[in-house]
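Enquirer: Residue numbers (full-length UniProt numbering): 1 to 104.
Relax, there's no trap hidden among the hints.
In silico SDA-like cross-links for lysine to any residue, where the CA-CA straight-line distance does not exceed 20 angstroms:
#, residue 1, residue 2
1, 24, 8
2, 32, 50
3, 24, 84
4, 32, 47
5, 76, 50
6, 24, 13
7, 24, 86
8, 61, 71
9, 76, 5
10, 77, 28
11, 76, 40
12, 32, 72
13, 61, 42
14, 77, 49
15, 32, 77
16, 32, 45
17, 32, 76
18, 76, 6
19, 76, 23
20, 76, 4
21, 86, 75
22, 86, 25
23, 76, 9
24, 77, 48
25, 32, 86
26, 24, 50
27, 77, 50
Just so you know, these hints were derived from the structure itself, not from any lab. Note that this is a predicted model, so its numbers are computed, not measured.
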Amino acid sequence: MQELVRGYFDEVLDREEEGSQVEKPFIFTIPKGTPIPSHLILINEYISRFSLQPSRGMLLKELNRSLDEFYAEYAKKETAENWLNKHPFQDAVSDDEDSVWIGK
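Can you make the complete structure from the sequences, with help from the hints?
Expert: Spelled out as structure tokens, the structure:
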């Protein structure tokens, strides 16, 4: 996960240095074994990047409410900067070693 997060965060810092207005990036950590509600599905989009998406058709307002409720109950939200400070790169597991980092 380090490679994706660090690459994205570097892009954010570059845009800030160029004078662009950027939103602060956040990392949501969801513990292993967390139940996913039946109206949502967890999709592994690319290596260590995941997203929660609707498992059936629903209005955007309903999806946003469902995601807000799920994240409020189960996720730990922290800024990307704080997350990176707590997870030194030299201690990181490679992004493509799913079986190692997903078990933490």
